[in-house]
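Enquirer: Sequence:
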Amino acid sequence: MVKSLKILARLSGIAGLAGLAFLAVSSSAFAAGSTPAALKKGKALFAENCEVCHRADAIGEPGVAPSLTNPELLALASDKYFAGTIRDGREDTGMPPFAHLGRGNIRAIVAFLRSHAVGPNMAAEVDSQADAHGDPRLGQQWYDNICSTCHGVAGDGY
Numbered sequence: 004m005v006k007s008l009k010i011l012a013r014l015s016g017i018a019g020l021a022g023l024a025f026l027a028v029s030s031s032a033f034a035a036g037s038t039p040a041a042l043k044k045g046k047a048l049f050a051e052n053c054e055v056c057h058r059a060d061a062i063g064e065p066g067v068a069p070s071l072t073n074p075e076l077l078a079l080a081s082d083k084y085f086a087g088t089i090r091d092g093r094e095d096t097g098m099p100p101f102a103h104l105g106r107g108n109i110r111a112i113v114a115f116l117r118s119h120a121v122g123p124n125m126a127a128e129v130d131s132q133a134d135a136h137g138d139p140r141l142g143q144q145w146y147d148n149i150c151s152t153c154h155g156v157a158g159d160g161y
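Using our numbering, you'd call the opening residue of the sequence shown number 4 and step up by one each time.
These are calculated hints, taken from the structure and not from any lab test.
Treat the hints with care, since some could be wrong.
Simulated restraints, written as ranges between beta carbons of each label pair [unchecked claim]:
(1) 158 with 43: 16 to 24 angstroms
(2) 139 with 47: 43 to 51 angstroms
(3) 91 with 138: 33 to 41 angstroms
Cut-off 25 angstroms, straight-line C-alpha distance, at most; resulting in silico cross-link-like pairs (DSS-like, lysine-lysine) [stated by the list, open to error]:
(4) 43 with 83
(5) 44 with 83
(6) 83 with 46
We put the CB at the ideal spot given by N, CA and C, even for glycine.
Let's have the full structure, built from the sequences with the hints guiding it.
Expert: In structure tokens:
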């Protein structure tokens with residue numbers, strides 16, 4: 004049982020990285036053009052609109068909302084992805100849409116998120132055909148109870 008859980012954890016990590024790699028881009032347009040004023044505005048907007056779920060400085064809340072300071076996420080997810088997620092939300096997750104904020108404010112929030120990055124965005128290759136082993140029913144239970152909170156019921160979240 005413990006061995007199955009370790010394998011499932013590894014496969015979950017691989018699947019997560021595969022999803023992030025799909026969203027990979029080679030540069031960060033928003034962060035590159037950010038000014039101190041934009042970062043300050045983004046931080047204030049984040050505190051007002053996002054902090055209730057993602058916590059102060061975007062560190063996340065397990066079971067509620069993911070950390071947005073994760074180096075892999077910041078390295079692989081595009082600014083377009085972040086902006087789209089903020090604007091449109093994520094169906095079947097707790098992430099609501101914030102289109103009412105407008106493009107400029109959303110760009111400021113993305114700039115604030117990018118200020119947490121420790122390195123440049125980079126593409127990554129992932130073997131999407133990795134062999135899976137284990138009990139699919141147990142995997143489904145794990146997914147339904149843990150993963151679907153962020154990734155959505157159908158796996159189309161982030």
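Enquirer: Looking only at beta-carbon atoms, does the pair residue 139, residue 47 fall within the given range of 43 to 51 angstroms?
Expert: Holds: the Cβ-Cβ distance is about 46 angstroms, inside 43 to 51 angstroms.
Enquirer: Given the hint that residue 83 pairs with residue 46, does the C-alpha gap stay at or below 25 angstroms?
Expert: With a Cα-Cα distance of about 18 angstroms, the restraint between residue 83 and residue 46 holds, given a limit of 25 angstroms.
Enquirer: Does the structure keep residue 44 and residue 83 at a Cα separation of 25 angstroms or less?
Expert: Holds: residue 44 and residue 83 sit about 19 angstroms apart, inside 25 angstroms.
Enquirer: Measuring from beta carbon to beta carbon, are residue 91 and residue 138 in 33 to 41 angstroms?
Expert: Since residue 91 and residue 138 have Cβ atoms about 35 angstroms apart, the given range 33 to 41 angstroms holds.
Enquirer: Taking 16 to 24 angstroms as the stated bounds, is the beta-carbon spacing between residue 158 and residue 43 within them?
Expert: For residue 43 against residue 158, whose Cβ atoms are near 37 angstroms apart, the range 16 to 24 angstroms is violated.
Enquirer: Are residue 43 and residue 83 close enough, with their CA atoms no more than 25 angstroms apart?
Expert: holds, 20 angstroms
The structure shown violates just one earlier hint, number 1.
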